[in-house]
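*Asks:* Go ahead and model the full structure; you've got the sequences and the hints to work with.
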Amino acid sequence: MTVDEATPGRLMDWDSASELDWDAIYADQLPRIYNYFRFRLGPDADIEDLTARTFEKAWRGRARYQRDRAGFSTWLFSIAHNVGMDYLRSRRAHLPLDAAMEAPAPETPEGEAAHGSDMARLAALTEQLPEREREIIALKYGAAISNRLIARLTGLSESNVGTILHRVVQTLRSQW
Amino acid sequence: MNDEFLYRLREDPPPEFAARLKARLERQAVAAGREPRVKLVRAVAAALLLGATAFAMMSPSVREKTYALIVELRGGEPPANHETSVQHSLESELPTPQSPAPARETAPAPAPAQQVGQPASVIESQPSAATGGAKSAQPGTNMLSPPGVIGGGIPPKTTTTPSAIRTQISIVGSAAVHSYTEAVAERFSRRGDYEPPKIEMQGTGGALKLFCSGVGMHAPDIATAARRISSTELEACAKNRVRDIIEIKIGYDAVVIARSKLSSRFNLTRRHIFRALTRQIPVPNDVQTLFDNPYSTWRQIDPLLPDRSIQVFGPGLTASTRSAFEDLVLEPGCDSTPWIKALKSTDSARYVGICNSVRDDGVYRPILGEDPLIVEKLDADPNAIAFVSYSLLRKHETQLDASPLEGVAPIFETIEAGSYPASRTLYVYVKKVHTAFIPGLRTFIAEYVSDRAMGPEGYLVSAGLVPPAENERKRIRADAMTLKTMTP
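As you go down the protein sequences, you meet chains A and B in turn.
In terms of our numbering, the first sequence is residues 73 to 248.
In terms of our numbering, the second sequence is residues 293 to 780.
By construction, these hints were calculated from the structure, which means they are not laboratory data.
Check before you lean on any hint, since a few could be wrong.
Coverage of chain A stretches by chain B, computed from C-beta distances (three or more under 8 Å per stretch; other residues unrestricted) [stated by the list, open to error]:
hint : segment
1    : 105-112
2    : 120-132
Computed footprint of chain B on chain A; a stretch qualifies when at least three of its residues, placed anywhere within it, have a C-beta under 8 Å from a C-beta of chain B [claimed, not checked]:
hint : segment
3    : 191-203
4    : 235-248
The model shown is predicted, which means the values in this text are computed figures rather than measured ones.
We put the beta carbon where it would ideally sit given N, CA and C, even for glycine.
*Replies:* Structure follows, in structure tokens:
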């Protein structure tokens, strides 16, 4: 059973009885955001720093989500996405020209796999995918959220998300 | 989906990091100091407002003026009393005995026999989205179903739908038809009258099996298929009381080999293509062994082919033509090796891994399904060929040529006849009985067979569909609009 199946609709709870339990939300969302960055950006990124930045931004504005856990989840992942994109942009911008010319050619998937790092191997394989597909893989398997929430975050239809996942996973499986 | 290998890569954040971050967030909240103060200020403000209002309403003059304001807003008609006015507004929503069912779907599921025995029903032609979207069927003018069942067809969604009635169209289908069904669903959903359909990919065989599992809320309304339903499947349908099936041929899928008019043609087979493009190929005369693809020229694959470098543009992973390319070109080429073909039934994951993994060494360059720059890309490299949809080829027919595949030229006649090897006919199957009680199902069918979808300039054609010839298309549309079922 996948995480998604084990916790159906968990992110959609609407707590009408009282204010949300922020400790519980932190405990639930931290591993999702942490793994979202791991899957999205690979092992070389400073995952802890990016996770912390996401939570700090989100926590500052959590008062407006007093009773809406689902709304907060959507917002949290939007922040994570933006933090990730800022990181990618800054990484590309700050690579000095000399360093870029001297940088070794990226390893082939086979080369990465030889180091025994599964995350590095995944990063090498997903680097060949378009942005949208990488985002969806990170949300589905890193953040372990439902196709429905992925559809809401990406603006795609739920069935389109399913289609993309089916294709990409098939390919990753064959190259793994 | 075998995706456990991805879930296994998750790991918990380090506990010390989690604790550190939590402490920092708490300090951040205290330092801001806003939370306790905000609550206090809000509570005090609310109490003051409540108190002021209560105090004001104790004054007779304030009460009188408030009542007068209410009367003014009601247009000078004070209610006799509150209870009467509420009852009146509810009663006005209930139907009169002679009027058809209102915007409440309280009718039970109709008896299938009654539906089937009716004279030909008609789907009212829907106005285009440009003219303001679909209108609900008008009672007395729409012969969707006879009176006494659900009058005038199924109205749009309401908040009072009993849970027993599914309000979402359920579609199971083949990957080949998926992008077309998605496109129709998007147009259909834009009207806003019905819920977006649920579309699940099952492969043609799986989809038809589900379709034939029965009728009713639990079973899909529509199945899409990359081939015609077989007689065995029809028997299974009949056994499960799935009769009166509407068959709609929506057109054809075809993958063609396009090249610049500046380059010369050569005749390829799917076996050549498989050996040129897949990441690993079988060792000749050695069963079950694969080696990394070493070929750089077509002549290395077959001495009868030209001595040209292998340069191919082909559908990327998520291109709409990728499914057709894998199913109609790569896999049949793969099947030319018997031991790989046998894997289809014994180890399908390995079969897919071998047959559908294309080279990533620069020989195969992925493109979008309908790449607008394909002409320029092919002109820039006369050695290159591209696997594109037949529709795209036709769009650029003054600038691109097509090579034959296994000796057959990709023209409409060979695609329609099925003699062009990389082509197939696509179908949509609908349960007629479901059209009587699933909201929007008839509208969805009407959208699928409309000219704006399936016509020569339709959006499905832009997505790669080869529509049937005009006369046949008109007949298909007329049959679908009258819910004509397959003859047994």
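*Asks:* Each hint: holds or not?
*Replies:* Cross-check of the supplied hints:
1. 105-112: Our answer is that it holds, as 4 residues pass the Cβ test (under 8 Å) against chain B, meeting three.
2. 120-132: That given contact holds, which follows from 7 residues of the segment 120-132 of chain A lying within Cβ reach (below 8 Å) of chain B.
3. 191-203: holds (count 5)
4. 235-248: holds (count 14)
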